[in-house]
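Novice: Since each chain sits alone in its own frame, please combine them into the complex, following the hints.
One line per chain: the protein sequences are A and B, in this order.
Under the numbering used here, the first sequence has 33 at position 33, and the numbering climbs by one with no breaks.
Under the numbering used here, the second sequence has 1088 at position 88, and the numbering climbs by one with no breaks.
Check each hint, because a few of them may be wrong.
[What the hints assert, rightly or not] Mimicking DMTMM-like on lysine to aspartate or glutamate, the simulated pairs with C-alpha atoms at most 25 Å apart in a straight line are:
no., chain 1, residue 1, chain 2, residue 2
1, B, Lys1057, B, Asp1027
2, B, Lys1100, A, Glu52
3, A, Lys57, B, Asp1027
The set of hints was computed from the structure by calculation and includes no laboratory data.
Computed from a predicted model, the values in this text were never measured in an experiment.
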Amino acid sequence: KAGVTQTPRYLIKTRGQQVTLSCSPISGHRSVSWYQQTPGQGLQFLFEYFSETQRNKGNFPGRFSGRQFSNSRSEMNVSTLELGDSALYLCASSWDGANVLTFGAGSRLTVL
Amino acid sequence: GENVEQHPSTLSVQEGDSAVIKCTYSDSASNYFPWYKQELGKRPQLIIDIRSNVGEKKDQRIAVTLNKTAKHFSLHITETQPEDSAVYFCAAIKDSSASKIIFGSGTRLSIRP
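Looking at chain B on its own, in the form it has when it is part of the complex (with noise of 0.2 Å):
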């Protein structure tokens, strides 16, 4: 079945740097990447996602770009800010009837001030 690793598993970089978090698929197949932020004591949110036909997406600070031939993606975050301190889960889904949604095992980002 589909397995997701994501690493690092924590990661702390200091206010205003660059984050990178990173995840690997094993379905080939895979066609939508989303990530979710999870802030403490909150429910996890959607940030961005992208589809296997587009290389890479931003949305202001956050952007994901996508390597479908190596079969990995990654979360980048620039100019980092306190409110970017949360869990962050990626997940790779197969098609739109997939409903089985394997998510990586999560990056606990914390922003030093």
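Chain A with its partners taken away, still in its complex shape (with noise of 0.2 Å):
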């Protein structure tokens, strides 16, 4: 079956603009989270979906958002971009959002 897919893979945006991320599960998963993997860092979390609704969400500014829709599919929007902000962003699927993770292959996003 085919696997998590984000979209775009690289976009370069320059500060002050804003950025729109996709990610489309697995099929049959109703859970997506995002996390901002960043050079040295690890993979902090940004938030969960879950059947339409936010579960969770990490620590990070009012600037980074997110969706889901009816099919699973989600989004995540970045305002006001900054220099910061350049990182690859993973998306993951799964069942139930607790157990075994599927990775997406990242957005990668480079802010100028």
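Specialist: This is how it looks when you write it as structure tokens:
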């Protein structure tokens, strides 16, 4: 079966712009979680959606937001981009959100 | 909230030797402990996991041990090979409804030929 698909894979933005990233989970998975990974850093939890509802949120500013659609696809949005937002954004899907996570290949965002 | 500490941050071992990575968690209610491996430029992938009702689990050259009393768990890789070079992340999860999975900071394992 198809894995977790993230688009776009690479993108370059300038400070102040906004960006929307997309994540299509494995068919049947209802949970999608998002992580930020920066060089030398671990996987920083952003938020998790289950059945179109945000169940948990990490310690990121309000500029980071997300949503989930009825088909379980999820998007995350970052507004007013800052240089420090440059990172690899990974999404992961699972059946219930707390067990085995299957990660997508990530969207690498560069903010200039 | 849950906190997971992982050590060491970097580890270099001779090919064929063993490698051990340790994680400590703060919430005694945690009951699921997965390990993910992320090779350079690739996505993290689950390599082994353990639940709180067992103390050890093995899968070929990889094993994970859990000490619930001390609230720590470890990843053991024996007979290391070049393809074991990667960053390894641990996590501790409280229960089936816990969707905020907090990972350790990662261990970069390098295998010397």
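Novice: It remains to establish, for every hint, whether it holds in the given structure.
Specialist: Structure-based check of each hint:
no.	hint	verdict
1	Lys1057(B) to Asp1027(B)	holds, 21 Å
2	Lys1100(B) to Glu52(A)	holds, 16 Å
3	Lys57(A) to Asp1027(B)	holds, 18 Å
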